[in-house]
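Letter by letter, the chains look like this.
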Amino acid sequence: MNSKKSDFVKFVQVDKSYDGKELVVKGLDLDIAEGEFLTLLGPSGSGKTTTLMMLAGFETPTNGEIYFDGRPINNIPPHKRGIGMVFQNYALFPHLSVFENLAFPLKVRKIDKSEVDERINRTLKMVSLTGFENRMPAQLSGGQQQRVAVARALVFDPKLVLMDEPLGALDKNLRESMQYELKHIHESLGVTVVYVTHDQGEALTMSNRIAVFNDGKVQQLSGPNELYETPVNSFVASFIGENNTFTGTVKEIKSGSAKIETDTGETIIANPIAVKASGDKSKISLRPERVSIDPNEQLENRFTSEIREIIYHGDHTRVRVNLLGNDEFILKVPNASSDLKLNVGDKLDLGWSSHDCRALDY
Amino acid sequence: MPSEIRTSDGELLSVKLKKVERRRRTTAFLLAAPLLFFIVFAYLIPIFQMLGRSIDNVQMHEFLSDTHDVMQTWDGSEMPGEDVTSIFFYELKGLVEEKNHGKIATRLNYEKGGFTSLIKKTARKLDDFDENANFLDQFIDVHKKWGDIEYWLALKRGTDAYHYRKYLTTFDFEQKYDGSIERIPEKKRINVTLWLRTIFVAAGVTFCCFLLAYPISHLLSVLPTRYSNLLMICVLLPFWTSLLVRTSSWMVLLQKQGVLNDTLVSLGIVADEGRLELMYNMTGTFIAMTQILLPFMVLPLYSVMKTIPPSLMRAATSMGATPFHAFRKIYFPLTYAGISAGSILVFVLSIGYYITPALVGGAKGTLISNRIAYHMQQSLDWSLATAMATVLLIAVLIVYWLYNKIVGIDNMRLG
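Heads up: the sequence lines are chains A and B, in that order.
Going by this note's numbering, the first sequence opens with residue 1, and the numbers climb by one from there.
Going by this note's numbering, the second sequence opens with residue 1, and the numbers climb by one from there.
Please note that the accuracy of each hint is not assured.
Part of the chain A face toward chain B, derived, beta carbon under 10 Å [unchecked claim]:
| hint | residue |
| --- | --- |
| 1 | H79 |
| 2 | M85 |
| 3 | P94 |
| 4 | R109 |
| 5 | G131 |
| 6 | R135 |
| 7 | M136 |
| 8 | F156 |
| 9 | K159 |
Have a look at the derived ranges for each label pair, beta carbon to beta carbon [what the hints assert, rightly or not]:
| hint | chain 1 | residue 1 | chain 2 | residue 2 | range |
| --- | --- | --- | --- | --- | --- |
| 10 | A | K172 | B | T27 | 35 to 45 Å |
| 11 | A | D171 | B | P323 | 48 to 58 Å |
| 12 | A | H95 | B | S228 | 21 to 31 Å |
| 13 | A | T130 | B | P323 | 31 to 41 Å |
| 14 | B | F38 | A | H95 | 22 to 32 Å |
| 15 | A | D171 | B | F200 | 22 to 32 Å |
| 16 | B | Q257 | A | H95 | 29 to 39 Å |
| 17 | A | L174 | B | S228 | 54 to 64 Å |
| 18 | B | P323 | A | H95 | 51 to 61 Å |
Keep in mind the hints are simulated off the structure, nothing from the lab.
Virtual Cβ for every residue (Gly too), placed ideally from N, Cα, C.
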C-alpha cells in the first residue's frame, strides 16, 4: 500500500450551490486514498450525492477544486475523466443486450474485437453472469441488472468507480449478498471505490472509511468501528446505530470524566468528548448494548428505571424504559438470558461505565 | 386429469368459472355497447356504403336491364342491329314516362361527353317515332351522334351493374371500348400528379414536423414541471383554436401584402416589387400544414422522451462517450417509438388534409383530397370521388400495416 497515493482524489474547499441562496456542500475537504472503499453516508439532502456528481463531472463545483490522480478536473468533461459509475437505477441501456451494454465503453475506446470479447467474458465471470450475454436488460432480475451495471462500470478498467446507492432498489436478502459481492470485487481488483448510501448497515459492512455527511459538511471521517464506537458529535452518534440520549449541563470537568447534571436534576458521570468547560450544554450519548441490567460490578452510573414496553425481536428483546425522565430509553436484552422475567411496569436497575457514555455537543 | 377438476360443490371447474365470469363479461360488453353501436351504424356502415359507390352501377343496370341483356350478344364491331335499338327505344320510352331519363343522361355523360343533350333531345322526340320503321335510322335522324358507334359502346358499358373503371381514372388510365387499358392523353393527366404531390407534401410535412418537434419535445421532457407546463400550453394552443381560424391567420401572414412580406420589405431584405410568393403554392401548404400538425408529432415524442431516464445519458458519458455519440447511440434509438408514432400520425393526417391546402394551396398546392371534394361537390361524379377515397383509405391502411410490421402497433404511445 506504500506506493499508493493517499490523496488519489482530493477535494479542496469545495462549495456547491444550485440556487445561489443555499449551499448544498460547504467547504468540503476530503482526501481519498488509492484502492480504498470510501462511503459517503448521510440522510437525503446532506450533499453526499452532489459530492459524487461533482466528482463524476455531472455537476460543477461553485467554488474550490477537485483533483483526480494529481490533476485538477473541474474543467474536464465527464467523458474524459475515465471514471466508472454505477447508477441508482442501474441505467442499463434498455435497447442493447448485456453484451452490447458492456461493449459500449470499450467500443468508445476503439478497443479491438477480440480484446472486447475477452474483457467482457472476464468481467461477466467476475459478477457470475456468464451465459447472459444475449439477454436484454428487461429479461434480467433486479439483482442481475445490478451485476451488469457493476460489470459495465468495471469493464474498461477505470481507476476509480463511483456508486450512487446501487443497492437501493433490491430487496433485503439480495442487498446483503450483493454487499459481500461488491466488497470481494473491490478487494480482488484493488480499484478505488466511492460509494454513496443512506443505509448505515451497508456503509459499516463494506467500507474502509466512512464520511458521514450532514448539512453539506463531513461530520466525521473514520473507519466503521471507530465511527460506531467513538462518534465525535451528537449527529453521528444518533445517525449511526441506536442511541440513547440525555441532555444536561456540565457541572464539573476533569481529564477523562465530567459530572453532568441532567435536565431532571440527576448527575451522570460521562466521558467528555465535545465539552470543554463547566456550564456547557451537552447531549450525552449511550449505546443500548453498553447498559447493564441489575449490575453487580462497580459502575459509576447506577439508576432505577421503569419498563414501559417490551418488543420481541427474535434474537433479542427491546425494552423501552423510563429513565431519568427519558421515556424513549431503549435496552437490548439478548434472548439467551430468557430467565429474566420482564413485565411492563416493573422497576429495573441499570448501570453503565462513564467511559461508554459520551458527552457530545448540544 | 385437469378436465376432471371440480369445485367444492361438485361442479366442473371450467363450467363454474365460465358462469362466474359471464356476468362480468356481460357488464363489460354492455358498457362498451353504445360506442360499438355508434361506430358500426354511424361510421363503418356509411363508410362501406360510400365506398361501394365506386363500383356500384346497379341503378343504371336496372333502368336499362333489357337493353343491357340484349347488348351482350352485340360484339361492337359494327352498328347495333334492330334487336338492340328496338328494345332500347321501348325502355327509354318507359323511363321518359317515369321521368327517370334525366338520371341516365347524367350517368351516361360520365361515360362519354355529350350524352346529356343526346338523351334529352331524343326523349322529346320519342313520340314521333314510327314503331314499324328502322329504329337506328330514326335515332340518327333525331341526333346524328347516334350514328357514332362509340355512343352505343358507351351505352353497353354504362349499363354494367358493377365496374372498376373509376379506379383506372383515379390513376389517369382509361379503358378503351375494345377492353384495352391505356393512359389518358398527357394534357388530361391530373390525378397522378396530385397523388405524387400529396405523398410528397405528406412526407415533407412529416419531416419538417419531426425536425421542429424533436428539440421542443426534448426540452419539454427535461424542463422542470412549471416551465414545461407553460411550454406545453404553447404547443397545444393551436389545438384550442379552430382550424379555419388558424389557416386564415396564415393567409394574413403569408399573402403578398401580408405581415411577413411587409416586414421583410420594411427591413430592406426584400425589394417592394420582389415580394415573396408564400401563398397559393406549395410553400404555403407546407408552412401552414407543418404548424397545424406539429402537436401530433410533439405529443408522442414527448411521451416517449419523458420515460427515458436522464441517467442513461450520464451513464454513457461516464463510460467515455462524447455527448454526441451518447445521443446517437443511446438517446436517439430510444426515441424511435415516438418518432414512428408521430410520423405515422402526421403522415396519415396530412395525406387526407383538405381545408388548409384548399385555402392557402392555390392551384399548385392542392392535394388529392381537394380533388375528391371537387368530384363530390362540383362534378358530382361520386363514383370517381369514392374510388379516390378508397385508394386513399387503402394507402393509409398500408402505412398502418407497414408500421405494425416494422415497429409494432403496441409500441405506439400518444401521450
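Hints, verified against the model:
1. H79: holds (4 Å)
2. M85: The hint holds - M85 of chain A has a Cβ within 10 Å of chain B, the shortest such distance being about 4 Å.
3. P94: Where the cut-off is 10 Å and the nearest Cβ of chain B is about 7 Å from P94 of chain A, the hint holds.
4. R109: Given a least distance of 6 Å, the restraint on R109 of chain A holds.
5. G131: Violated, about 23 Å.
6. R135: At 18 Å from the nearest chain B Cβ, R135 of chain A fails the 10 Å test, so the hint is violated.
7. M136: Violated - the Cβ of M136 of chain A stays beyond 10 Å from chain B, reaching only about 13 Å at its closest.
8. F156: holds (7 Å)
9. K159: Violated: closest Cβ of chain B sits about 13 Å from K159 of chain A, beyond 10 Å.
10. A:K172 <-> B:T27: 35 to 45 Å: At 42 Å between Cβs, range holds.
11. A:D171 <-> B:P323: 48 to 58 Å: violated (35 Å)
12. A:H95 <-> B:S228: 21 to 31 Å: Given range 21 to 31 Å: holds, Cβ gap about 25 Å.
13. A:T130 <-> B:P323: 31 to 41 Å: holds (33 Å)
14. B:F38 <-> A:H95: 22 to 32 Å: violated (40 Å)
15. A:D171 <-> B:F200: 22 to 32 Å: violated (56 Å)
16. B:Q257 <-> A:H95: 29 to 39 Å: With a Cβ separation near 52 Å, Q257 of chain B and H95 of chain A fall outside 29 to 39 Å, so the hint is violated.
17. A:L174 <-> B:S228: 54 to 64 Å: violated (36 Å)
18. B:P323 <-> A:H95: 51 to 61 Å: This hint is violated: roughly 18 Å between Cβ atoms.
Hints 5, 6, 7, 9, 11, 14, 15, 16, 17 and 18, counting from the list given before, are not met by this structure.
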